[in-house]
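Enquirer: Going line by line, the protein sequences match chains A and B. First residue of the first sequence: 130, per the working numbering; consecutive thereafter. First residue of the second sequence: 994, per the working numbering; consecutive thereafter.
Calculated directly from the structure, the hints in this document are not laboratory data. Heads up, some of the hints might be wrong.
Claimed, not checked - Here are some chain A residues the structure puts well away from chain B; computed CB gaps all over 10 Å:
{"id": "1", "residue": "Phe607"}
{"id": "2", "residue": "Trp639"}
{"id": "3", "residue": "Leu641"}
{"id": "4", "residue": "Asp652"}
To be verified - Straight-line alpha carbon distances no greater than 30 Å define the calculated DSSO-like cross-link-like pairs of lysine-lysine that follow:
{"id": "5", "chain 1": "A", "residue 1": "Lys625", "chain 2": "B", "residue 2": "Lys1071"}
{"id": "6", "chain 1": "A", "residue 1": "Lys552", "chain 2": "B", "residue 2": "Lys1248"}
{"id": "7", "chain 1": "B", "residue 1": "Lys1069", "chain 2": "A", "residue 2": "Lys552"}
{"id": "8", "chain 1": "A", "residue 1": "Lys555", "chain 2": "B", "residue 2": "Lys1069"}
{"id": "9", "chain 1": "A", "residue 1": "Lys555", "chain 2": "B", "residue 2": "Lys1071"}
{"id": "10", "chain 1": "A", "residue 1": "Lys555", "chain 2": "A", "residue 2": "Lys358"}
{"id": "11", "chain 1": "B", "residue 1": "Lys1069", "chain 2": "B", "residue 2": "Lys1121"}
None of the values given here were measured: they were computed from a predicted structure. Where a beta carbon is used, it is the ideal one built from N, C-alpha and C, also for glycine.
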Amino acid sequence: MNATTTDTHHDDHHDHGPAPGLMRWVTTTNHKDIGTLYLWFSLIMFFIGGAMALVIRTELFQPGLQVVDPQFFNTMTTMHALIMIFGVVMPAFVGLANWMLPIMIGAPDMALPRMNNWSFWILPFGFSMMLSTLFMEGGGPASGWTLYPPLSLQTGEAFPFLIFSIHILGISSIMGAINIVATIQNLRAPGMSYMKMPLFVWTWFITAYLLIAVMPVLAGAVTMLLTDKYFGTAFFTAGGGGDPVMFQHIFWFFGHPEVYILILPSFGVVSEIIPTFARKKLFGYASMVYATGSIAFLSFIVWAHHMFTVGMPLSGELFFMFATMLIAVPTGVKVFNWVATMWRGAMTFETPMLFALGFVIMFTIGGFSGVMLALAPVDFQYHDTYFVVAHFHYVLVPGSIFAIIAAVYYWIPKWTGNMYDEKWGKIHFWTSTIFVNLLFFPMHFVGLAGMPRRIPDYAVQFADFNAIATVGAFGFGFAQLIFVYVVFKCVRGGEKVTDQVWEGAEGLEWTLSSPPPYHSFTDQPVVK
Amino acid sequence: MIKKTPAARAFAVLASLGAMSASTTALAAMELNMPRGVTDISYKVYDMHMLAFYIMCVVAFAVFGAMAYSIVKHRKSKGVSPSTFHESTAVEIVWTILPFVILIVLALPAARTLIVQEDDSNSEMTIKITGYQWKWQYEYPDSGISFFSTLADESREARVRGSGIDVYEVENYLLDVDNPLVIPVDTKVRLLLTSNDVIHAWWVPDFAIKKDAIPGFINTMWTKANETGTFRGQCAELCGRDHGFMPVVVKVVEKAEFEQWTAARIAEQGGEQLAATDVATPVAN
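The shape of chain B in the complex, shown without the other chains (with noise of 0.2 Å):
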């Protein structure tokens, strides 16, 4: 990567924006929308967002359209004189008719995806995940697996003021971790989620979840991945001083080679829980 100042950067944007012919590069290295994600419901979200968008895109078009044409054709410069109607029950009526059609159909599609959101049922493993401040832990009921997952150390020398050390030069800067959450492909995952203090939200864009971590109550949720790969997304409700530093790093495996962590993973503990000071050795894939 080409390293340049901010300004710079800001300056080469702006430019590129203006200029509508060299735009197309410098905006395909840019995240302009929501990824698509890799879970069925991702795709349901991303499909209901972009319907949504293109349905407020041509109300926009209808409404400043009107505007437009207005501020252009009934200017007092141009010598017109106004118009004195000020009401019409019918057209009235109308605007608001179509707007509650506008919304039934947005609300319809919404709804259906909601309620499959929200079926937890028929899941095949559960994990539970509790938030601290500022770090996450998971553990795995079934085999008692149980770990945290914090910073990675590249990020964490990196983030801390004046420590001298280029962001661009580090791999997903605030993105990584040291042990990711892993779970297998293709796999109705319930996932639980808790606090030991106060509120912080678990969140995967990929996999279009979000959840509160409430201290005292566990909320649920699920996924599916239908891909594997190393998916991430970070805590989303403000949970004190470090919010912006505590990750979430999903890596999704083959069920093969999940059975296979799994089993090293055991070994590795003992038995026993892993202490909150854990920093376990990256696990191979």
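So here's chain A without its partners, still in its complex pose (with noise of 0.2 Å):
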């Protein structure tokens, strides 16, 4: 592979180039330009979603209230989790599909390439109207990002607001969604049967069904929070004959999936990693697809373990509690995949691996209090508390967004051409890592000793470990600073790469040209 960059181009490149200047971003159709878009997008949330939680932090780096009032200590919460589950880990996953999965499966574009437009630039609106009810009278949404009834229908005039950016994200989803599943079932090269498909592809695959599934119902359900607030019905009011539970059962029937949805694209990039810096196939293809299909099976009939504390039948405590332990089956199955492709390679430790096998190692931790919590008897204790808070961002960060770092670190090459700097994307991990660990890790103590979650002021014995957390929270919030730095060098300029990028690599992406030309594979590919 001695083809550089500027080699494979200028061939490709004869016909349709991008539009000039700004208008190229605004019109585009092209699955590249929207995959960026949807990239840089996620980061600038991931910043603002970051900082709210380092006001989060700050409010409680000691005990006794300093910086906030606890009503907006209230939106921070509720703000960072919408903002960095639908602003940030869905969006940048997006952008890794719309990047990767043409030329993974070896298609030109994405199969709705004006729909894909469309998908991404609601999300600016969207989100500029969810971050607009910060300034509105009364606040912005403090009901925590579940809002559940009825605190939620407390919100001022930030509710309507909140709920119709609720609906374009979810219509963004929708569409972004449907077409990855166009684009998988109808554009791939001759010889790729579904049983070819990298992970990568199989994982979204999955949770674009998911996603499909899902998205209709959280609109449902805020959507009659809002005909419950201005129009008089009461789907959630007692006193109307509705039912406050019936929300979070709705709620919950999307947000378990939606917690999928968060994390299989996460599966599919750290089984694209592992094979490659182990230079050894993934081992147990067929049964990583079978666990991903499983697991999005139960996240179906899962749901109510968020709710164990509503006072629901003992059969149901039952049948959620078994039904969510067996998550851990199919789950398990993917790590010693992953351990066992590991095994007898040879590996080396660029700064992909790296951050793929930390999130091996610390989505595992996270997995490992999920079979806790899901002991029904127990979470009784653990539910609402800091474990659970430490529990699903163990998941989330060294989990999700670990991997999407990992993506973009393995995949940037390719993308931009040059080579991104080594030595501080190895920065870049070990400082997130440690201060990743320092920030969560001792939110189990607080949790377990008696912390409640969602609380801007704490009683004095869980003072220490609020401290070292808030230490870990700035620590780890800085340490992002040196990956725009990478990213930003690398954009400009670097050492060349070849077609190939890593010497274990395999798959049609890597069959292109680094950057690859403006439109991929004009020549269908076949694979054998």
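Build the complex: two chains, separate frames, hints provided.
Expert: Okay, here's the thing in structure tokens:
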């Protein structure tokens, strides 16, 4: 593989280049441009959501109220979650899907390019609307991202704007998901049967179906909140014959598949990276696919484990406990397969591999606390404490976020044609890993010791671990500036890479030039 | 208690975590784990928690051990060449079955505990708990006693931003109330939970009970304390601005003392319901 960027570049570029100037980005229907937009957007939102997290951690640095009003604190926890989930992790994965799916399956572009443009461009408007609620009378939403009524119905003028922005984000996600399904089902290169698709494609395929299944459920739930507040319905008001717990059932019927929407593409990313740097084929490809499918199926029948304390009948609690525990089986299979892939490989530890290994270890730690949380009788103690906060941050930050970062380091040489700065990449990994554990590990302890979540002030026995967590939060936050530096530097230039980039890389994306031509695969490749 | 700035405290803790030899004293002062509690249920829950924790530790040791070994031994810089194996039906079946077995080991005692937890039959007395933004109301239907329980004044003053009060000087900061719930020891008490506005959750870690108080619905749970003493918890469901400031305090007293308390309380109330603004004198103990 001696072809350099400049060589291969000009062959493919003689006809449809991008439109010049800013309009390129506004009118683009190109999967790579839209992928880039999604990724930059989620990076910006990452820092906005991160700033909110730092407000939270600053207030919690020591007991007593020092910085913010409790109502604003609640707004911060609510907005931090909404932005990180809908504005960071989901768009980042859609961005990765846009960039990589066509070139992994040998397609020229996404199947529905104009819809692709729209599904991105409504996002900035949705989030502008959501963020504008911070300046409205009565303040932003402060009922937690779960929006449980009756509390969420106490929201001020922000409420309809919040609901409408959630609708917009939902529409964007559904369109993105439909596009991904259409692309994968219709545009695979000859010879690429389903069981030959790379795992990133598989996990996104399943994720897209989850999105199509559950985003309308969320839209329905929040619309019912809206009519309860403004149109006199009483879906969730006992006084009018409704039931506040019904909202929680509907919400978590969306919410639990949603958490797998946030993690399944990570599984795909890690399943691409580990074989490359272990120089060995992924162990148990078929069982990886079946495990992903099983997790997706189980995600629909475990929702009420988020609500063990609402007073369900015993039989319901038993069912949801057993079903939830079952998730550990396919998830375990995945972790074992990754370890077996590493086993007797010939590993090197470039930055993407480091983040992928960090993912496997720390996601598994989150999985362990997940099994503990599944045990209903003990969950009565864990529920709504910092133990839960520790659990879901372990699977989301050194889980999903690490996988996204790993994916960027892994594919950015392909995207730009330039190698990123390996030294700073490694510094980024080690600082992130140290601080993320400093941030989230002590939360297990304060949670077990009895600290509830979503409180702006706490009893003094929780002080020490909270102080450590805040130190970790600032360290982790500032460590991400290294990431921005490395990405900028790589986009602007750097050592040119080959088409294959990584010695152990396999797959169609590595047969294209680095960077790939504006229209990927104008000649259809054949997969044997 | 020696006063330190938070930064100094954080540094001290970090330093002690780093140096294991120095850590024992520092860690002894910090709560790391779930309390074992004072009820038969809380003992079971604690044991269940520890069992799950130890099993997870064993699994972690095995998985991370294999990873660590592989990372050390199977690296390109050692000059190894990669193997080509990429599946093994036997191995994959084993590590699908094995987690099943582990889960069954966990699920059986968990189910048994859950069944006992949810069985509120044969209770000896009933108390009705109502959540408000942001206080609790306790009613004893048998004796007609009814009172509100709100954050103690000392904490209330100290929690204000810029109060100038050092919260370390406040006894039981944020975990103290004006009127605690009083229950007799060794008595199965059934607790009926509801709310007057939004959803709250009533939680006492030492009893290992937590349940939501939902407006328009009544939830039940029960407890039977084996020891006397004062036990503290908090509202555990986000309920608005002052969610962090509505603690739960339960005083478990000897049965005879409970009779006296009941009599005194009835006399004080004069058979009437106390007004919502009640600031009753602390109960003699």
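Enquirer: Which of the numbered hints are not met once you compare them with the structure shown?
Expert: Numbers 6, 10, 11, in rising order.
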